[in-house]
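Engineer: Order-wise, the sequence lines are chains V and X. Each residue of the first sequence is one higher than the one before, counting from 1 in the UniProt record's numbering. Each residue of the second sequence is one higher than the one before, counting from 1 in the UniProt record's numbering.
Calculated from the structure, these hints are not laboratory results. Errors might be hidden in some of the hints.
[Unchecked claim] Listed below are the simulated BS3-like cross-link pairs for lysine-lysine, each with C-alpha atoms no more than 25 Å apart in a straight line: (1) LYS140/V x LYS106/X; (2) LYS140/V x LYS100/X; (3) LYS156/V x LYS78/X; (4) LYS140/V x LYS238/X; (5) LYS100/X x LYS155/X; (6) LYS235/X x LYS140/V; (7) LYS254/X x LYS63/X; (8) LYS140/V x LYS63/X; (9) LYS99/X x LYS238/X; (10) LYS100/X x LYS238/X; (11) LYS234/V x LYS97/V; (12) LYS140/V x LYS78/X; (13) LYS140/V x LYS102/X; (14) LYS95/V x LYS210/V; (15) LYS278/X x LYS155/X; (16) LYS254/X x LYS200/X; (17) LYS111/X x LYS78/X; (18) LYS192/X x LYS155/X.
Values in this document were obtained by computation on a predicted structure and should not be read as measured data.
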Amino acid sequence: MYKQWFGNWKRRLVQLVSLGIIGEWSFYGIFRCPFAVPYIGCGNCPVIQCPGRNLWMWGWILMGLSAVLFGRVFCGWICPGGLVSEILSMGAFFKNKINRIASNLFSVGKYIVLALSLYLFFVANNPRWAIPIRTGEFFKSVGLTFEHADPIWIYKTMAILIALGLSIFIPMFWCRFFCPTGGALELLSRFSLFRFITNEKCTSCDRCLKMCAMETRPSESNCVQCGDCLDTCKLDAVEWRSRIRST
Amino acid sequence: MEKNGLSRRRFLKTGGLALGAGLAAASPGFSQTYAQESLQVWSCGGLAEAFQPANHEFEKLTKASIAYTGAFAGALGKSLLTGSARTEVFGPRVLELAKKLKAQGKMLWFKPLCFTQYVVATPKGNPAGIESIKDMGKSGVKTILAPEASPPGGKASMIILKKAGVEDKARANAVFVGDCVQTAVTDLVTGKADAAVIEKRIIHLPQFRGKLDTLPIPEAFIPPAPVPFTIGVMKWAKNRALAEAFVDFILSDKGQVWFHRAGFIPAQTEEGQRLTRKYGVMDV
Ligand code: SF4
Ligand code: SF4
Ligand code: SF4
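Here chain X stands alone, though its shape is the one from the complex:
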């Protein structure tokens, strides 16, 4: 299993940051100060653990203050698409949402930010000896599911189980069926259950760190919609230079390392670029 808290240097090495030139060009923006200026940033709540420290670092570098809101992207997106909500920078999950906002003229442009990963999580040491997602359908294996959780925790995990051909059996094996992934994972940590399909980011949360093991899931089982995250500047950005400097920072090595540490694949790595191409994360 991958070690937590990988150093930035190692991240840069292993991640093979491919956009060195682009980042170097963006760097001067970070030294510019924006004292007394504030920027409103919204993102999918799953990214909160990454955005919080990244925002803090940007604030230190530029003296700007970031007013950050992280919540289920579908809800934030609905407020932005159909309500009177406004924000200056938005980092949604699901490419379609960014495209819709762009089509409405509410988002000026967007770029790929990072990608989530789904894994089979087991208690530390994998006491039930789970070898792959298929084992979640074996009799005697205790699973946990959160089908009612807000997407992508709930529905995406169920799609993965379905594509792996074990949905019904994993349901029958469930010792917990709920509406909150984090509550469900607690049963995994305490050993009440043997396996669950979750986003890798969950195992990086402070309360679960070091308490779970993971197994990879074949990419063919993973639905595309919840995987990519983008970041874009909105038409309400009062100070476009500040909003753009912020996005540049988040996409720089200094910003992206926080997304790596939170369990995501940063867009600016080789793997991130492969996924960018695979999922067609383009602003058109």
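Just chain V, with the same shape it has in the complex:
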């Protein structure tokens, strides 16, 4: 576990720095964002304390760009939600117990949530489901938000918290099966120019899969380009490949 956590220390460092920069935005998005879909309509948001008002445009541009260049690198290196999922997954009860077929089946969940989010944002004009606590101490404001939110906001927030919390049982439950951002980045990552892949030396021994927090293999779905599996393969079958060079 120690090796997995600190072996790739550069990734941990980047995650911590990003937690400092966008972590607060994540918490606001979950607990205080009054809109059905957080993080998107921030330019007009009445919650003046949320850092999203300054970060959102560049955040999304850079995220999209990163996916086209490096696949789901945002998930593996930057996302505070991913870091929280990893922490919760550390002692997960059902590590490597969900078979590939079930895992692939549940993975569809994140596309369903993505489709729902896109519908709510583009078709339903991103309705407001909670009273915006425009400014105020974080925890007191969270309390007020819960007190005055529509029931549907409470259900949505509970669904997010439960999906995040389920990582205690099934590793990275939220990121693998539920996160709409992960779903969008997964789709874009199909076109990524650089990524980890398994090469022809791979014998499918699944050593990489057993140590992978996302329970996948390089170049397969849900790989977040973390690079943690790079040194696990004794056959040097995991490599960082540029599509430009290889085509």
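Following the hints, put chain X with the ligands in place on chain V, whose structure we already have.
Structural biologist: Just chain X with the ligands now, kept in the frame of chain V:
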């Protein structure tokens, strides 16, 4: 259209601050320091853009720290009236709310703070040539409405349109009907719509500043309830002197100028005093 960022000196001149003597009497309080002391202040969220810089200035002057929450006054009021919520100073919209809190003994006293204004907003340059609120009912005019927005953005605007006799036509002309005034106003800025009835404070928000023109709405069309804001000291104020010094500061020229800049009519101006009398904003 009125220029944004009017200087304080000009505000004092044009606003005709009538309570000079009262303010002078309140002034010594500001020089007193309250280091290490904190004060919890809640207000209607519409006032957040004014309260934030005003609070900051009070903190600089007195070394006290202000823990400020701004949100829909109806929700905050409900928490205070029926829940276990507590705050030391409260600046609600709607006079009735202040009166109810006073009647329950939760608010010790209150004073008029400021008044909101409703306007017809158009994109910069008014490309559709809107001349008055009546034009929102003309065919071909694209309107935006946010009837589901938390009061007063939603319901009050609809009442104004109704009193102007154009509600149905303005609804039929709507290119956007939503639940968030700020989202709706974006369509105005981008020119997707021609006109909307909004609070003047909205055009002072950083994202819309300088991007909209406004036309006045006859006062007879404006419902009284959402117009006045008050500020009062609550029974939970731990340090009454600090809470009172804060209210004095907010009602002084230094405090009130922020409310003017955010698009409100400060209570301490001649116009504010006229509205105080008109709406009967009295603590009884
Ligand atoms: S800025 Fe507003 S819309 Fe964006 S995440 Fe924060 S609370 Fe939500
Ligand atoms: S899947 Fe979602 S929560 Fe997980 S790392 Fe990616 S963006 Fe973050
Ligand atoms: S397969 Fe390797 S690079 Fe991809 S997520 Fe798993 S450990 Fe990280």
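Engineer: Give a verdict on every hint.
Structural biologist: Hint by hint, here is what the structure shows:
1. LYS140/V x LYS106/X: holds (20 Å)
2. LYS140/V x LYS100/X: Within the cut-off at roughly 23 Å; holds.
3. LYS156/V x LYS78/X: holds (24 Å)
4. LYS140/V x LYS238/X: Distance of about 18 Å is within 25 Å: holds.
5. LYS100/X x LYS155/X: holds (22 Å)
6. LYS235/X x LYS140/V: Since the Cα atoms of LYS235/X and LYS140/V sit roughly 19 Å apart, the hinted pair holds (cutoff 25 Å).
7. LYS254/X x LYS63/X: With Cα atoms ~16 Å apart, LYS254/X and LYS63/X stay inside 25 Å; holds.
8. LYS140/V x LYS63/X: Holds: LYS140/V and LYS63/X sit about 23 Å apart, inside 25 Å.
9. LYS99/X x LYS238/X: holds (22 Å)
10. LYS100/X x LYS238/X: OK: LYS100/X and LYS238/X at ~22 Å, within 25 Å.
11. LYS234/V x LYS97/V: Since the Cα atoms of LYS234/V and LYS97/V sit roughly 24 Å apart, the hinted pair holds (cutoff 25 Å).
12. LYS140/V x LYS78/X: Judged against 25 Å, a Cα distance of about 15 Å means the pair holds.
13. LYS140/V x LYS102/X: Cα-Cα ~24 Å, so holds.
14. LYS95/V x LYS210/V: holds (9 Å)
15. LYS278/X x LYS155/X: OK: LYS278/X and LYS155/X at ~22 Å, within 25 Å.
16. LYS254/X x LYS200/X: holds (21 Å)
17. LYS111/X x LYS78/X: holds (20 Å)
18. LYS192/X x LYS155/X: Given pair LYS192/X, LYS155/X holds - Cα atoms ~22 Å apart, limit 25 Å.
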